[in-house]
Structure formats: C-alpha cells, structure tokens
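Asks: Sequence:
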Amino acid sequence: MNYIDMHCDTLAKAVEQKKETAKKLEHTMVDAERLHRCGTKAQFFAMFLQQKKEENWSDPGHDPDGCRSEKRKISLWYNGAEIEKQMQDMYAVYQNTMENCADIIAPACTYEDLQRNWQQKKVSAFLTVENGCVVDGKMERLEQLYQMGVRLITLTWNDDNCFGHPHAKDAGRMQLGLTPFGKEAVTYMTERGILVDVSHLSDGGFYDVAELVRGPFVASHSNCRELAPATRNLTDDMIRVLAEHGGVAGLNFYPPFLNTDPVDKVSRIETMCEHVKRLVNVGGIECVGIGTDFDGIEGKFEIADCTDMKKLFDALQKTGFSEDALEKIAYKNVERVIREVM
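For the sequence shown, the numbering used here gives the first residue as 261, with consecutive numbering after it.
Check each hint, because a few of them may be wrong.
As a list, the in silico BS3-like pairs of lysine-lysine whose alpha-carbon atoms are at most 25 Å apart [claimed, not checked]:
id, residue 1, residue 2
1, Lys381, Lys571
2, Lys560, Lys571
3, Lys313, Lys398
4, Lys570, Lys381
5, Lys278, Lys312
6, Lys570, Lys592
7, Lys398, Lys429
Label-pair restraints from in silico Cβ distances [said to hold, decoys possible]:
id, residue 1, residue 2, range
8, Thr447, Asp419, 30 to 38 Å
9, Lys570, Lys284, 17 to 25 Å
10, Val523, Asp419, 21 to 29 Å
11, Glu286, Lys313, 32 to 40 Å
12, Ala564, Glu444, 29 to 37 Å
If you are wondering where the hints come from, they were derived from the structure by calculation, not from laboratory data. Bear in mind that the values here come from a model prediction, so they are computed numbers and not experimental data. Ideal placement from N, C-alpha and C gives every residue a C-beta, glycine not left out.
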C-alpha cells in the first residue's frame, strides 16, 4: 500500500556517511531508490539539529573552581555557526538527491506538488527541520527556512531553545510552555503555511500550540503514553485535542515509544497495531498517520526498512481495519493536513 511517512533522519545518516546524495545508501532504513521501489507517496526528510555536543561528568580533581567533593555534570554546546553548518550539510544532500534522482523523487512544498509528483510516478520529498534552535529567536529565519522549502518544523528536540522546552521526566519542567518568541513564531508559521510539529515538545508547549493554532498541527512521530509511558508520547487528552484540530499523530517505530517496558528493545508490529487502535479509539480514524523515525532509532525491528512497510498494513487489515481506514492511516489523513496547511 502507498503511504506517507512524516519523519525520517536519513539526511543526517547520509552526512554521517559522507554521501553527497541519498540515492542509494548502505546501513540505513531509507534511501530514494527504496522509497520509489516500495511505492512511497511522500517522505518527510528532517534536517535534524543537535545543540549539545556531549554531556560528561567532570573530574573533581580538575574542577577550575577547586571543588573536589563531587563530580558535576557539564554540557558542551554547539554554537550558532556550527548548528547552521549541520543544517546546510543536510540541505546539500537533499538538493543533490533531488537533482540526481529527478526521475524517481521530487521536492514538494504544496498539496499540488504532491499530486503532480504522484501523477508522474515520483516520490514527493517534503523538507523539514527537527529542532527549531536554528531559528535563533529571529522571525526572519522562519522566512529563510520557508524559502529553502521547509514546510514543517519540529519546535524542539531534547533541549530548551527559542521556541520553548522539550518533554521531561520532571513534572514541573513538563508543564513549561512556549516562550514569548515561540508563541509569535507559531502564529507566523500557521499564517505562512509551515506545519507545526509538537513531537519532542513539553506538555505545556503542546497546549500552548493547541491554543494558538486554529487548524491542523501534527505530532509527526509520537505514540500513546497510556500504552508506553515515555514522556515523548501523547496522553489521551492530547490525542483528543490534536484530533479536534484536525491534526495527525505519526506512528513511531522506536521500541521505547512502543513498549510498556522501556528496556524492551524490540519494535514489534503487533505493538504498533495496539497503538494505532488506541489512537483511533481515543481520537478517531482521522488523527492517525505514519512517522517511522527511520534512521533516527535503534533496536531490533520487525519492519527493518521502508520496503517492509506492507507488513504493517497487512497486520492492521488482519485486526479488522477496512480498506478505507487503512488508506486514511497510510496517507489520506496526512494528505488532508498538507492540503489544509500548505
């Protein structure tokens, strides 16, 4: 079955492997050739940006302030120029892939692009940013990203940034909302046609987005917190709010976001089906999509790469989903969001 995947980290993998294009990659879950071969309708390609270089425990014997009583946690951070380079390196891979694989994949910025590419039997490639830190608190940066072709921004990753705060185990931090700039930026994004993505965002930030955005927004790669207690997942109330906005949650294949036991490292199709059923039962069939997180996750996978996607839809069909429901989950729900927002 054809499908739309709202999230993969393949551009970062290609840069890591020092590849100029994502046409054909080894040791990845996605590349352009496989996407075309397996009938992918659209792939959202994230430019994943890291703020933190590393996090270590200091040696108390070398603390500059002379404190030797205990180790302290220290973080090293990328500066703005380094974050910009991360993005530009991935953007170059995206552009090169579009140029060198123009017979099988093409960029998409609108619903019309999606439809035209499909008629020409090409995969649509939507460009996204994962971690709005690159915006750096400047509204003009949002317009620059729009001109680059970015049509979705995952507001945060796992650290605070100019938009707001990430998910957290600490209940107090989890309730922190968007910054004043974040609120202004989200309003601008909705007016400009950039899809707001709340995956990785704090619960407080989620509800701020819901208050600001009138139409659809997405949780591009998030599951159900009632089934897997990861803070990255959505509560039932969040699923309902997302559905009320006409939004979509993308099924994430990462084991800790699927399994009740966070140390269970196996990504099982049966468990994926349970999350899909929960999303449907809580938010309705219109709020479910796919957001694999391919090439950004580790574990043991029953769906090893994009060519295995048929296994998921076959399993969902066996659990009782109709053909119409499967099409909505696979691509029609996200297609509707694209039409309404972009």
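Asks: Is it true that the C-beta distance of Val523 to Asp419 lies inside 21 to 29 Å, as the hint says?
Replies: holds (24 Å)
Asks: Do the alpha carbons of Lys570 and Lys592 lie within 25 Å of each other, as the hint requires?
Replies: holds (16 Å)
Asks: Decide if the proposed pair is consistent with the structure: Lys570 and Lys381, CA atoms, cutoff 25 Å inclusive.
Replies: Judged against 25 Å, a Cα distance of about 19 Å means the pair holds.
Asks: Is the hinted pair Lys560 and Lys571 satisfied, with a Cα-Cα distance of at most 25 Å?
Replies: Roughly 15 Å separates the two Cα atoms, so the pair holds.
Asks: Can you confirm whether the C-alpha distance between Lys398 and Lys429 stays at or below 25 Å?
Replies: violated (29 Å)
Asks: Do Ala564 and Glu444 keep their Cβ atoms within the hinted range of 29 to 37 Å?
Replies: At roughly 42 Å between Cβ atoms, Glu444 and Ala564 fall outside 29 to 37 Å, so the hint is violated.
Asks: For a C-alpha distance cap of 25 Å, please report whether Lys381 and Lys571 respect it.
Replies: Holds, at about 22 Å.
Asks: If you check the beta carbons of Thr447 and Asp419, does the distance land in 30 to 38 Å?
Replies: For Asp419 against Thr447, whose Cβ atoms are near 23 Å apart, the range 30 to 38 Å is violated.
Asks: Taken at face value, is the distance from the CA of Lys398 to the CA of Lys313 at most 25 Å?
Replies: holds (23 Å)
Asks: At the C-beta level, are Glu286 and Lys313 separated by a distance inside 32 to 40 Å?
Replies: Given range 32 to 40 Å: violated, Cβ gap about 27 Å.
Asks: Verify the proposed pairing of Lys278 with Lys312, using a straight-line Cα cut of 25 Å.
Replies: holds (21 Å)
Asks: Starting from the hint 17 to 25 Å, judge whether the C-beta atoms of Lys570 and Lys284 obey it.
Replies: Holds, at about 21 Å.
Consistency with the previously given hints fails for numbers 7, 8, 11 and 12, ordered from lowest to highest.
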